[in-house]
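Peer 1: Build out the structure end to end from the sequences listed, making use of the hints.
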Amino acid sequence: MVARPELLEQISDALQKGEDERVGELTRSAIEGEIPPREILDGGLIAGMNVIGKQFRDHQIFLPDVLLAARAMYAGMDLLRPLFIEEGIPSIGKVVLGTVQGDLHDIGKNLVGIMLRGAGFEVIDLGKDVPPRTFVETAEAEQANVIGMSTLLTTTTPVMEQVTDLLSQKGLNSSIRTIVGGAPVTSDLAREIGADSYGYDAANAVDCVKALYDELNAG
Amino acid sequence: MSRTVFFDAMDVIPDRADVFDHQKIPDEAEIPEHIERLLEEAEALFIQHAHPAGILSELEPKDFKEIFEGEGKNAEDAVVASIYPQADHLALFAATMGHEVSTQIEVLFAQNEFALGSMLDSVASQAADRTSTMLEKAFLDELRSREGNAEDRVVLGYSPGYCGWHITGQKKLFDHLGPEEIDIALNDSCLMTPLKSVSGVLIAAPREVHLFDVGFSYCASCQHHSCLPRLERLREAGGTDSPHD
Numbered sequence: 478m479v480a481r482p483e484l485l486e487q488i489s490d491a492l493q494k495g496e497d498e499r500v501g502e503l504t505r506s507a508i509e510g511e512i513p514p515r516e517i518l519d520g521g522l523i524a525g526m527n528v529i530g531k532q533f534r535d536h537q538i539f540l541p542d543v544l545l546a547a548r549a550m551y552a553g554m555d556l557l558r559p560l561f562i563e564e565g566i567p568s569i570g571k572v573v574l575g576t577v578q579g580d581l582h583d584i585g586k587n588l589v590g591i592m593l594r595g596a597g598f599e600v601i602d603l604g605k606d607v608p609p610r611t612f613v614e615t616a617e618a619e620q621a622n623v624i625g626m627s628t629l630l631t632t633t634t635p636v637m638e639q640v641t642d643l644l645s646q647k648g649l650n651s652s653i654r655t656i657v658g659g660a661p662v663t664s665d666l667a668r669e670i671g672a673d674s675y676g677y678d679a680a681n682a683v684d685c686v687k688a689l690y691d692e693l694n695a696g
Numbered sequence: 003m004s005r006t007v008f009f010d011a012m013d014v015i016p017d018r019a020d021v022f023d024h025q026k027i028p029d030e031a032e033i034p035e036h037i038e039r040l041l042e043e044a045e046a047l048f049i050q051h052a053h054p055a056g057i058l059s060e061l062e063p064k065d066f067k068e069i070f071e072g073e074g075k076n077a078e079d080a081v082v083a084s085i086y087p088q089a090d091h092l093a094l095f096a097a098t099m100g101h102e103v104s105t106q107i108e109v110l111f112a113q114n115e116f117a118l119g120s121m122l123d124s125v126a127s128q129a130a131d132r133t134s135t136m137l138e139k140a141f142l143d144e145l146r147s148r149e150g151n152a153e154d155r156v157v158l159g160y161s162p163g164y165c166g167w168h169i170t171g172q173k174k175l176f177d178h179l180g181p182e183e184i185d186i187a188l189n190d191s192c193l194m195t196p197l198k199s200v201s202g203v204l205i206a207a208p209r210e211v212h213l214f215d216v217g218f219s220y221c222a223s224c225q226h227h228s229c230l231p232r233l234e235r236l237r238e239a240g241g242t243d244s245p246h247d
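Read top to bottom, the protein sequences are chains P and X.
When the letters of the first sequence are read in order and numbered with our numbering, they come out as residues 478 to 696.
When the letters of the second sequence are read in order and numbered with our numbering, they come out as residues 3 to 247.
Simulated from the structure, these hints should not be mistaken for lab results.
What you are looking at is a predicted structure, and each value in this text was computed from that prediction instead of being measured.
If a hint is listed, it holds; no wrong ones were tucked in.
A few chain P residues that face chain X, going by a derived Cβ cut-off under 8 Å, partial list only:
(1) L544
(2) H582
(3) T631
Just so it is clear, CB atoms sit at the ideal spot from N, CA and C, and this is done for glycine as well.
Peer 2: This is the structure:
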């Protein structure tokens, strides 16, 4: 029987190497060894993704490495998810994510979703071509505190503003924060349209969402 | 009068450097073997699922004015505005990699094959750009066969959404070109589907007409700067060769 810290380290190492099948096997062993799911997630999977995130930010590895690690993360998460539901363990935060109405580009949005899940967030992915009202209504219904919006088109950035306006009209802008991103989006534009944060890439978006949650928790 | 051109997927496979650039992997980086394998796998999927096609429609420079002006939203200093009136010949164009390759990218993401899906997305995006370059060359070849070698003539493509030509210019361009013939559609946001599609105008003109210095009002917010290597190639190229020969 492998000791608990060693097993979690093995999960983290295998994840960093993008070995999805190995991560699945090790996660199964950890579950059978009665390591609490939260500990497997935090000490194994998220610990590994944190290393990957740092290496990516430091330009030591490339995007495909991050995505291979994310696939390995999902192999472990698929086994843990039913236990989380069964035991009612909450995620560290919920994010409603989508590509705004009028735009069908979703690669960037998908990358953000993958990395947010890798950081331990629950992501409600609304897909692409999402109307403003759907973002807000889903965040309300799911009690999510962050809405993430993506677009690749200059013609659809006004849709992002419609979401922030809708939140203000409903008096929800202090409890539901917004983050925007995509090729035509800048930090200036984010401010202009009343968004709370701007992520310049997928890794940065995760840091921004963490900061938004820190602000909400501190408030 | 429009004409369609079909390409072999193999012929539009982009340079690996362009794909890695799209993946934000720096030029000087040593590419690990597992990433090389991913690229090979993505290229194989591209060949299997892409159906590249293009459409060209020649028109008189004077007839392009209305199309270019679109909904009146272009930048006052739009580069194309100063280039097209000096053109010898113009042709509207569109090209697509087809629906199937976009569907395949979605399938890969749904199967958690994120790295491969993302690599295929990069291959398809760069292939679409390569196809527009091939259309530039096809148009130049056609002009040469019709009129002989015009000294220093260069054909380059310019697209709505770039260089001050507002994206809403797509609407009139589509009305005139009819790219539905190769199954490209435009939505209310002026977005083309399939996503891996390109469109614009091919401008045949003397080399110096295409040269400009960047630094326009809209350059600051441009995320692409794809004009820079093109201008560099244009300045370096000599004789009557196209900069993409």
